[in-house]
Amino acid sequence: MRRILAADRVTSGAVVMLLLILGAAALVPMLSRQDPLAIGDVLALRLIPPFSRDAGGTWHLLGTDRFGRDLFVRMMLAARVSLALGVGGSLIAAAIGTIAGALAAWRGGITDRITMAFADSLLAIPRLVLLLVCAALWQPGLLTVLVVLGATGWMGVARIVRGEVLGVRARPFVEAAQALGVSHWQVLWRHVLPNAVGPAIVATTLGVGNAILLESGLSFLGLGIQPPRPSWGNMIAGGRDLIVSAPWVALAPGVALIVTVLAVTLIGDRLRDSLAGQHAPFARQLGERS
Amino acid sequence: MSVVARRVANALVLFWLVVTLIFVLIRMAPGDPAEFLVPPTATAGDAARLRTDLGLDRPLVIQYARWAGAVVRGNLGESFASRQPVSRLLLDAAPVSVALGGISLLLTFLIGVPLGMFQAARRGRALDHLTTVLTTAVYAAPTFWIALALVAVFTYGAATLGLPQALRLPAFGIRTPGGVLHGWAGFLDLVRHAVLPVVTLAAVGAAGIARYSRSAVADVLHEGWVGTARAKGARPSRVYGRHVLRNITPQLVVLGALSLPGLVAGSVFVESVFAWPGLGKAMLVAIQARDYPVVMGATVFYAAVVIFANFAADVALPLLDPRRMAKPA
Numbered sequence: 001m002r003r004i005l006a007a008d009r010v011t012s013g014a015v016v017m018l019l020l021i022l023g024a025a026a027l028v029p030m031l032s033r034q035d036p037l038a039i040g041d042v043l044a045l046r047l048i049p050p051f052s053r054d055a056g057g058t059w060h061l062l063g064t065d066r067f068g069r070d071l072f073v074r075m076m077l078a079a080r081v082s083l084a085l086g087v088g089g090s091l092i093a094a095a096i097g098t099i100a101g102a103l104a105a106w107r108g109g110i111t112d113r114i115t116m117a118f119a120d121s122l123l124a125i126p127r128l129v130l131l132l133v134c135a136a137l138w139q140p141g142l143l144t145v146l147v148v149l150g151a152t153g154w155m156g157v158a159r160i161v162r163g164e165v166l167g168v169r170a171r172p173f174v175e176a177a178q179a180l181g182v183s184h185w186q187v188l189w190r191h192v193l194p195n196a197v198g199p200a201i202v203a204t205t206l207g208v209g210n211a212i213l214l215e216s217g218l219s220f221l222g223l224g225i226q227p228p229r230p231s232w233g234n235m236i237a238g239g240r241d242l243i244v245s246a247p248w249v250a251l252a253p254g255v256a257l258i259v260t261v262l263a264v265t266l267i268g269d270r271l272r273d274s275l276a277g278q279h280a281p282f283a284r285q286l287g288e289r290s
Numbered sequence: 001m002s003v004v005a006r007r008v009a010n011a012l013v014l015f016w017l018v019v020t021l022i023f024v025l026i027r028m029a030p031g032d033p034a035e036f037l038v039p040p041t042a043t044a045g046d047a048a049r050l051r052t053d054l055g056l057d058r059p060l061v062i063q064y065a066r067w068a069g070a071v072v073r074g075n076l077g078e079s080f081a082s083r084q085p086v087s088r089l090l091l092d093a094a095p096v097s098v099a100l101g102g103i104s105l106l107l108t109f110l111i112g113v114p115l116g117m118f119q120a121a122r123r124g125r126a127l128d129h130l131t132t133v134l135t136t137a138v139y140a141a142p143t144f145w146i147a148l149a150l151v152a153v154f155t156y157g158a159a160t161l162g163l164p165q166a167l168r169l170p171a172f173g174i175r176t177p178g179g180v181l182h183g184w185a186g187f188l189d190l191v192r193h194a195v196l197p198v199v200t201l202a203a204v205g206a207a208g209i210a211r212y213s214r215s216a217v218a219d220v221l222h223e224g225w226v227g228t229a230r231a232k233g234a235r236p237s238r239v240y241g242r243h244v245l246r247n248i249t250p251q252l253v254v255l256g257a258l259s260l261p262g263l264v265a266g267s268v269f270v271e272s273v274f275a276w277p278g279l280g281k282a283m284l285v286a287i288q289a290r291d292y293p294v295v296m297g298a299t300v301f302y303a304a305v306v307i308f309a310n311f312a313a314d315v316a317l318p319l320l321d322p323r324r325m326a327k328p329a
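Residue numbers (the numbering used here), protein chains in the order written: chain C, 1 to 290; chain D, 1 to 329.
Mixed in with the good hints there might be a few duds.
What the hints assert, rightly or not - Covered by chain D, according to a simulated footprint, are these stretches of chain C (three or more residues, beta-carbon under 8 Å):
hint : stretch
1    : 132-146
2    : 243-249
Claimed, not checked - What the simulated footprint calls covered on chain C by chain D, stretch by stretch (three residues with Cβ under 8 Å from a Cβ of chain D suffice, anywhere in the stretch; the number is not a length):
hint : stretch
3    : 79-88
4    : 111-121
5    : 218-226
6    : 265-273
Stated by the list, open to error - Quick list of simulated restraints, FRET-style, between CB atoms:
hint : chain 1 : residue 1 : chain 2 : residue 2 : range
7    : C       : Leu22     : D       : Leu127    : 29 to 37 Å
8    : C       : Leu180    : D       : Thr20     : 30 to 38 Å
9    : D       : Asn75     : C       : Glu175    : 53 to 61 Å
10   : D       : Asn10     : C       : His184    : 29 to 37 Å
11   : D       : Ala81     : C       : Ser183    : 51 to 59 Å
12   : D       : Leu163    : C       : Val15     : 34 to 42 Å
13   : C       : Gln139    : D       : Leu134    : 33 to 41 Å
No lab work stands behind these hints: they were computed from the structure.
Think of the CB as a built atom: it goes at the ideal place given N, C-alpha and C, for glycine as much as any other residue.
Construct all of the structure, not just a fragment, from the sequences and the given hints.
Here you go:
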């Protein structure tokens, strides 16, 4: 790992950025003296430009929003929500996808056909449309977004794992394990899956960036995280009608989002490239934006 | 059965699965659509009557059969909110979205592919790293943020920087409101309104295509025929423009079909930010109003477009890549 980072400045830059954002997301809301959700003296505090002090002498790195709340502190609070949902949603998707793909390949026959037909029909609906429909049908909120991100993101991983398992299954060591009397599921779990998860891990890493983007999109449209709880998407939405008079309110949270997704994507790209030698056909499928 | 006929059958089965899935999804949701539709002052009897009117009191199987049968006949039902046929609502909105998406998709490839080639040709050098970070950043940016940033630059920014009137691009709608511009002036007005939405969608798309073409081109640059072409003395423009492009075309066709869902997502945001009366906007309005027939109709429409694009790419592939003719998959 250290050798890779030393040789690759882009990736190490991405890792540093991600660590900075994680650190700031953990520390800034904790250390800040202002409550990022409380609304104080709106008239005195609202829409203070970046890098300036309010009347009370408090320094605002990125200024304040229309209710006089510090933008930077809110942004870092939003980072917790967005990162947790992005990572959580992708992990759920990865778990479902791995199980579905492995079962489909291992059982074959009707299980395989039903699973893949289900995956294909979900893939035929643009993921954002699927998310919008689901988010609109259920109560918007943290849990809905998390579940829906997981439920709509597993198909890519399932296809990859299925392909990998089919490939690994034909290798001699699997036959050897079966000949030694290892049970059917033990072979899958202990011998086949560990050799098949590499591309799934890359897909999941790249999926984190996608999930963060989708969450922000849902929240931007009012179907995701609901105010006053900040998320990058609903903060951008909150600054939308101020775009002409106070553009920083909408633009600043987007910068945090872009830096985060950029860092995750660059790291995912690096992982994919290091896998590409062994898994050329599958490496290519990864990383489509959905 | 010929390969094409089998692909048609596959596409139709997939479409039927999607139609079923959408029905199940909508029916799985908690709550009763009739309750959203009646005014707060309505009695329980009003709600029940509405439920009967809409066929919501029939058994699920019957509702499904009715809906699936109607979809096959091209009838997507009637909007709860406006009482208009859903197909008419969608057809009214479609031209705006198709034009927006089509022009953006074209620009996406015209910009993305050469950019990816340029990067692949300089792979590993500083310029490649820089452009890779740039394209990844655009790819990492939410469409609606790029749209808002452009609005900020061309309204707020243009005014503070004192840009000439011609560069102060309109940020909302597709035409100047109340305008009675016709002919050339009307067209120019439309073009000016289209610049920011198209640029937003094309930028996001081109960044993704460039990321992909960079690795696709880099893969074929190791091939022997590239060396042969160079050894013959072919200029780089000929090596890339003819030999390399010809060899990555099949992948680009597949990518074109695969990029449609992303384009749909982008257009939903762009139509929302720029207030364009397209399909995405219609769908958002319907979702907020819980106008299920419109939501279902729009979803079916989007799925049909995606399925058709994948089908077309599948059929086109053997024509573009004779190597695939030999072994139909």
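Against the structure, the hints:
As drawn, the stretch 132-146 of chain C meets chain D at 6 residues by the rule of a beta-carbon pair under 8 Å; at three or more, the given contact holds. Judged by the Cβ-Cβ criterion of 8 Å, the stretch 243-249 of chain C is covered by chain D as claimed, because 4 of its residues qualify and three suffice. A count of 0 residues in the stretch 79-88 of chain C with a Cβ less than 8 Å from any Cβ of chain D is obtained; the coverage claim is therefore unmet, three being the minimum. Here's how the stretch 111-121 of chain C fares: 4 of its residues keep a CB closer than 8 Å to some CB of chain D, so the rule of at least three is met and the hint holds.
By the rule of at least three residues with a Cβ nearer than 8 Å to a Cβ of chain D, the coverage given for the stretch 218-226 of chain C holds, with 4 such residues. Beta-carbon proximity to chain D at under 8 Å applies to 3 residues in the stretch 265-273 of chain C; the threshold of 3 is reached and the given coverage holds. Separated by about 31 Å at the C-beta atoms, C/Leu22 and D/Leu127 satisfy the suggested range of 29 to 37 Å. A C-beta distance of roughly 44 Å is found between C/Leu180 and D/Thr20, which places it outside the suggested range of 30 to 38 Å.
Against the hinted window of 53 to 61 Å, the Cβ-Cβ separation of D/Asn75 and C/Glu175 comes to about 55 Å, which satisfies the hint. At roughly 31 Å, the beta carbons of D/Asn10 and C/His184 sit within the given window of 29 to 37 Å. The hinted range of 51 to 59 Å is satisfied by D/Ala81 and C/Ser183, whose Cβ atoms lie roughly 57 Å apart. Take D/Leu163 and C/Val15: their Cβ atoms lie about 40 Å apart, and the range 34 to 42 Å holds.
Between C/Gln139 and D/Leu134 the beta carbon distance is about 40 Å. The supplied range of 33 to 41 Å therefore holds.
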